[in-house]
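Visitor: Each chain is listed here by its residues.
There are 4 protein chains.
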Amino acid sequence: MRCTFAGFDGEFMKFIHKDKVMVYDTDYQGVAHYASYYRFVTNAADAWRSKYLHSYPYVNFVVVESKAVYKKPLRPGDNISVVLMPEIISDKALKQNFEIYRGKTLTTEGYITYVYIDKATWKATRMPDYLLKFIKQNKSSKQ
Amino acid sequence: MRCTFAGFDGEFMKFIHKDKVMVYDTDYQGVAHYASYYRFVTNAADAWRSKYLHSYPYVNFVVVESKAVYKKPLRPGDNISVVLMPEIISDKALKQNFEIYRGKTLTTEGYITYVYIDKATWKATRMPDYLLKFIKQNKSSKQ
Amino acid sequence: MRCTFAGFDGEFMKFIHKDKVMVYDTDYQGVAHYASYYRFVTNAADAWRSKYLHSYPYVNFVVVESKAVYKKPLRPGDNISVVLMPEIISDKALKQNFEIYRGKTLTTEGYITYVYIDKATWKATRMPDYLLKFIKQNKSSKQ
Amino acid sequence: MRCTFAGFDGEFMKFIHKDKVMVYDTDYQGVAHYASYYRFVTNAADAWRSKYLHSYPYVNFVVVESKAVYKKPLRPGDNISVVLMPEIISDKALKQNFEIYRGKTLTTEGYITYVYIDKATWKATRMPDYLLKFIKQNKSSKQ
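Protein chains in written order, with our numbering: chain A, 94 to 236; chain B, 94 to 236; chain C, 94 to 236; chain D, 94 to 236.
Everything labelled a hint here was simulated from the structure, so no lab data went into it.
Every clue listed holds true.
The list treats identical chains as interchangeable, and a pair is accepted whether it falls inside one copy or across any two copies.
Capping the alpha-carbon separation at 25 Å, the derived lysine-lysine pairs in DSS-like fashion look like this:
#1 113 with 197
#2 212 with 185
#3 212 with 144
#4 185 with 164
#5 165 with 216
#6 160 with 185
#7 185 with 165
#8 216 with 164
#9 160 with 107
#10 164 with 212
#11 165 with 212
#12 197 with 216
#13 212 with 226
#14 164 with 113
#15 229 with 188
No experiment lies behind these values; they were computed from the predicted model shown.
Input sequences plus hints: build the corresponding full structure.
Guide: Below, the structure written as structure tokens:
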């Protein structure tokens, strides 16, 4: 599902994280290397957790899926905005839909899906109530 | 070697690249970081180009889409096989479907889509005939 | 803030850059991977250039030497301060002495040495007067 | 101390690891990013441990110092040889002196110093006898 800034229908709460394209994100082609975009998303997801989840960084999320569609190249020094739109997939899985903007230009979009795991067994498990409640409440309050 | 892409018999030539999970691929959770899997795929795609494309590394491919589904974690020191199954999407776009195995266990699958670009204009352009011919011929010869 | 470089009083202007240890900086040992510290220093040097050099990011610096001494481990989520103390080595070379602190604890120290190059010849060349003047003036004004 | 292939005086056993400069090692300047050289050294040190240390990858080494001097740039696709010359600093510390060659051209030299740690206390501790014996014996046998 594609989501833009304006007119989005309340499915997600939006979270915007400012970042910058660094030299080490680029390759010899002069633009950001495709895998570096996941660094930008990781940074944004980290900021999201720091702000909202009290147990950060010890929450037990592991990534089970990642996807990015690259529309415009990013260059060294570019100031970017990473927009996160978290979505509960199941009581075990959280999807962070993302869009990366340079100014008002959408450069990249995709998602990272996380599963909550039990560290003892390394198996998917139900997220704690406070987490599910938080994300759902927060979504509602943004509508 | 097993290929899980049902219905793609003969669509792809398969290319297998051996690799190893390094310390810098892992994070504090003890397993490979999700973005590191794209490093494994980049390594395999590089080996594929080195073997088959005479103009490597100066071919003008840029990544327009990437996706990975993580099924099993990889640990430091794991020996892996990255299977590439290239697919021509259009005369401008090449999709590298991939699977990553540890032994016979499928740990990850996904794809990277590349577009051939004109370096002068940075626009998608038709791949040279020799490239299209090569990939198609090679595919046929593997059936 | 404490500066451990004895005998360098007034040699450097100090520049402090706040940063954070990310998941992708760590490895399976649970702490930041040794090469990741250079990412922190690159971030700080980038912030320094953004603030002081009007031609950023197109200044022609290349790294000719890097060194780090690791005193204390850094963990995911750690908030750090990277202190830069730039030093003119010659009219062609700039040394960024650095220290990385977690709170008041010195965790790492070292330096990165850059040489100004002529892009046409890829040879070391004299830095423009405005650069040399800037760094020297700034140093003086901080004493 | 500078060491060349020929005539080296028996202080070190030499270990040569072949590697390749990848796209993700480079940055927008068209050559390998300075921190990427540590990846090449990590790869070589990993190969050294895989070959010689039976407990790999669970040996308890942490990096306490890293240094590199960059003499010539490396470009994407370059085939390189990383030469390791391990040296026992104390019964707790191992120094991996390194040189990186493209063909016969020395491009980079430096070292990584590791300390053996007790995982329970995270303190420097004496390497097991088998390790010390191995490195010393191996050194002798190469002279």
